[in-house]
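Chains as they are written, first to last, in our numbering: chain Z, 4 to 343; chain C, 39 to 336; chain G, 413 to 849.
What the hints contain is simulated information worked out from the structure, not anything from laboratory work.
Just so you know, not all the hints are guaranteed correct.
To be verified - A short, non-exhaustive set of chain Z residues, derived as facing chain G with CB atoms under 10 Å:
(1) 156
(2) 197
(3) 227
(4) 303
(5) 326
(6) 327
Said to hold, decoys possible - Covered stretches of chain C, as calculated for chain G (at least 3 residues, CB under 8 Å):
(7) 96 to 108
(8) 160 to 171
(9) 234 to 243
Glycine included, C-beta positions come from ideal geometry on N, C-alpha and C.
Spelled out from the first residue to the last, the chains are:
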Amino acid sequence: MRERFALNWLRIPSGMRRALLLVLVGWGLLLISDRISEFRVYQGASVATYFVAIVSIVLLTGYSGQVSLGHGALLAIGGYSAALVMQNLHWPFWIAFFAAVFVAALVGALLGVAAARLSGPYLAGTTLAFAVGLPSLANQFSFLGGEQGLPFDIGVAPSRFGENFSPYKWLFWISALFALFAVWLAANLLRGRYGRIWRAVRSDETAAALSGVNVARSKVLAFTVSAGFAGLAGALLCATVSLVTPGGFPLSLSFAILTGAVIGGVRSLVGAVIGAFTLVILPMVADAIAQGASDAVSTNLPAVLTGVLLIATIVISPGGIAESLSHLGRKIALRRQKRI
Amino acid sequence: MQQFVNTLINGASLGSIYSLMALAMILVWRSTRVVNFAQAGQAVLSTYVGLEIHRITHSYPLTLIIAIIFGALFGALVDLLLVRPLMHRVGDGPIAAVAPVIVTLGLLSAIQGFVGLIWGGEYRSFPAALSQNGFKVGLTRIPFSPFDLFILFTTLLVMLAFAYIFQRSGLGLAMRAAAFEPEVARLAGVRVARVRTIGWAFAGGAGALAGALITPTTLLAPNSLDLLLVFGFTAAVLGGLESLVGGVVGGFLLGIGLALVVTYLGSSFTFITAFVVLIAVLLLRPRGLIGQRSVRNA
Amino acid sequence: MSSRMRRLTGSVAALTVIGLALSALPAQATKVHSEAGVSTDEIKIGVTIPMSGIAAPGYNKIAPAAQAYLDYVNAHGGVFGRRVMLKVEDDRYSPTLAVSKTNKLILQDKVFAIAGALGTANHLAVLNSVRLGARGIPDLFVNTGYSGFDNPVKYPTTFTYLPSYVMEAKIIGTYLANNYPGKKIGLIYQDDDFGRNAQTGFKTAGTTFVVSKGYASGSQSSPGLAAQVGAMQAAGAEVVVMFGVSSATAVALITAGKMGFKPLKWIIGSVGGDPTTLKALGVPAAILAGSTGASFLPSPTDSTDPYVSFFKGINENYNKGRDTTWDNNALVGMNMAMILVQALRAAGKKPTRNAVVAALIAKGKTFVQAGLVPLGYSKTSHAGYTGYWFGTYDTNGDLKPDGGKYTTFVTDSGSGGVTTSNYKRPALPANGLPTNK
């Protein structure tokens, strides 16, 4: 089995193979983006943004067992950093994205030091307070632009892409590119040493510590890396709005990201993809159900659906849709083997 | 000086409500080791129910009593239908620490959506038990009304009642045993599951009381108690998340602290205060300002 | 290990492709006339507004009221035979959602124009990101007082509706100077750009406050406004200007009653000054009575006003919203719909986006509407209403014009002075149906 697989891949090193696969996926996405309506392209950009945000939760909650209800605040830090870098230093937008990752990771490291000493509900409550408190600070400091925020404009596509290249497609290309980059990074990380350490710490802290793992350090590192991804997601989110404002990071955003992660499956990158799609599709489903009903129904249905889905996922399949699918896959494979 | 005294008084009356919310969260924590993020949603729901009762009967005592009973019943139902099966399912598995947080969050979202479906998103006013006009001291009126006094007394009463139940009664002993050593308690003949449900019911009642007492001054909407949740949790942690007295003291400290921040630092710092206080307390005194034993792991 | 990795990445790819393919199902086809959103029998208009969440109360009544008037017009022939339909999207007062919902309205629902978008930060995000101006999409009657939206060069298709916060503050400032010279004046404002915009206006008007205190948006529900009201009391403010949203205004007034703080006069800004809302929020009539309020529309309880009684009738018969209590929000929505209908009519029998913008610039000032102050639409300005009148709340909590008749003041958002206006609004057309061309 393994031999055959290696032959198939012409003995390319695994890191390179991953990169190649992602290039293929990216190529597929580009082809698709040319064939669907502009609105779908725009939604695709949202999916990519949510995906990066959810990957950040997967790293934190799924792999290192820490809960954050305040990822919206880290997204805000990413968004503001990107906007400040672009506005004050006039660097190109793609450098601003990296600045967002860097600053958010830095704040994440500080938070992580505190978080490593807290567990479960304490960490959840503290991060909740963080998400409630941080955005309103923007009103206190004028360089953050107050309630109206700061512009963060990634502009339109360079003219060599042709006249018919819409801003939506440009946004999608950029979001998808960064999302692919993020998934490549995350996959390598999780396959590597730290992925193993995090999994060990998650399943049994004491055992991990006994086998020589520095538990506290591994948790801080997980928080830092997760915050970096959150920062990227924040910058992407602000790019879709062309603006970063304190109102752009409400508590509901933090909850939405967590919702996506849980429903998709908090322990896998596939789950993150499913979660991101769920977040974009859920309001459309609610809209379709509420078609023709009063506005009270259509406006409150998404909240009810989200809540019910969250509870149902945890109760029925705590590993999310991704895990259910892989269970199903394994069952089918097993049956096929038996038949042979 | 006058302003400083007024700020303290304001903070204290605010603090008594944070205390009630903290009490509710502590009760659930003590009985099931779960921080109930749906507490704000449960309180909103019971307050809306109270509002309906008041519309029909125009009787305040009835309104308050039914709201509390409803809150308690709903709390018990949440445990019976949601938390108990959940704990059973996830057991000590890898998501054991995460699952309750997410389920109570899901419940919060579902309740708020449901409330919006039934009662709409408009702000509502809610009646007060007594006059909200401040007492007169000499010629000036102080920002402390008969209703504030009512809230204060109610809070202390609730605290004392629960403290008595926990420390002195057989039920209290069973609850403590069920929370800390469920296996041992079970062997000793305590019906652990039932005792836990009672804890959830008590908490639901206390949360309902907090909701009914804060809304006369701050209005009611599906999301209006979200901040009360954050401040209530902060107060609970201030007190160590275990001790009822600690929660009440934490509530008062937070209420007065917030009032001072708004008066002397500016209102933009209102929301970040809870975070700063939480981080400071958890890092410097992980057992809370008044905590005795136990660590942060549970 | 590598096989698992391959499965993982493989499934990521497969799922993404499937997902995108699924989401690429064709959008519903619309009968396109010549312009997006216009078919032979319908004109589609989009609006993003908070219908749920913390900012929804009050504002969630505007769009259903507007649709009620449009339904009435539709039942009487529509706009040259076409029904006007509002597609309402809930943005929960979040800039991110406002942008994504506006994109949905334009790309999927293919609306002809956006009308009545609400919220400063929200709409700023929409204008920056969706670039309504550059795409020629009319952005009509923006429902916020932020003065920056009136900028025909930067936002060529954007037209505002409310008088700006700067205008309001300037007019209140002048009113204070004329009526309360030498008094100690206090200010409670929302600690964001809404409040800061107002402070700019007060500065222009030369108002000095002995005390001014902000409140963080949202903090009215916890911890409340006792600290702010206490500061007014401590400073001995005789006249207090409350420049905030309804919920905060209600909490401030209730708290003042609680603390026994009775200034000589409360002056309540128009954003939070709707008496029906305030009363529903439990503000005691004893406090509201005698306070001063400002508005640009007639008082919703003024039954002698032909526009008010006409719209009130429409509200009773056509409003399908959840809460149909007649108040200023309903009046704001209906009046906006009436102006919208005229803008569409003025664009002709084959309306185009450009024609609507041109019509508002050329004729917008002359449209029939309920406002007691003039609309400011012109080639150089896209500002909607340009002034206010002052009134006193009576013992029922109704806002009654001072001196028994509406005296209106007008100004601009710049450094221009405040003057009394002798504007006479057009009479209500027969059956409330505009006949303009």
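- Query: Checking C-beta pairs, does the segment 96 to 108 of chain C have three or more residues closer than 8 Å to chain G?
  - Reply: violated (count 0)
- Holds or violated: is the Cβ of residue 303(Z) closer than 10 Å to a Cβ in chain G? The hint holds - residue 303(Z) has a Cβ within 10 Å of chain G, the shortest such distance being about 6 Å.
- Three or more residues of the segment 160 to 171 of chain C near chain G by CB distance under 8 Å? Since three or more residues must qualify, the claim that chain G covers the segment 160 to 171 of chain C holds, with 7 doing so at under 8 Å.
- Was the hint right that residue 326(Z) lines chain G, CB cutoff 10 Å? Violated. Min distance 12 Å.
- Go through the hint on residue 197(Z) and say holds or violated, using the shortest Cβ distance to chain G against 10 Å. 15 Å, violated
- Proposed interface contact between residue 156(Z) and chain G, which counts if any beta carbon pair is under 10 Å: 7 Å, holds
- residue 327(Z) as an interface hint toward chain G, with CB separation required under 10 Å: Residue 327(Z) check fails; min Cβ-Cβ to chain G is 13 Å, beyond 10 Å.
- Query: Against chain G, with CB atoms and a cut of 10 Å, does the hint on residue 227(Z) hold up?
  - Reply: Given a least distance of 24 Å, the restraint on residue 227(Z) is violated.
- Query: Are at least 3 residues of the segment 234 to 243 of chain C within less than 8 Å of chain G when you compare beta carbons?
  - Reply: violated (count 0)
The structure fails to meet hints 2, 3, 5, 6, 7 and 9 from the earlier list, while all remaining hints are met.
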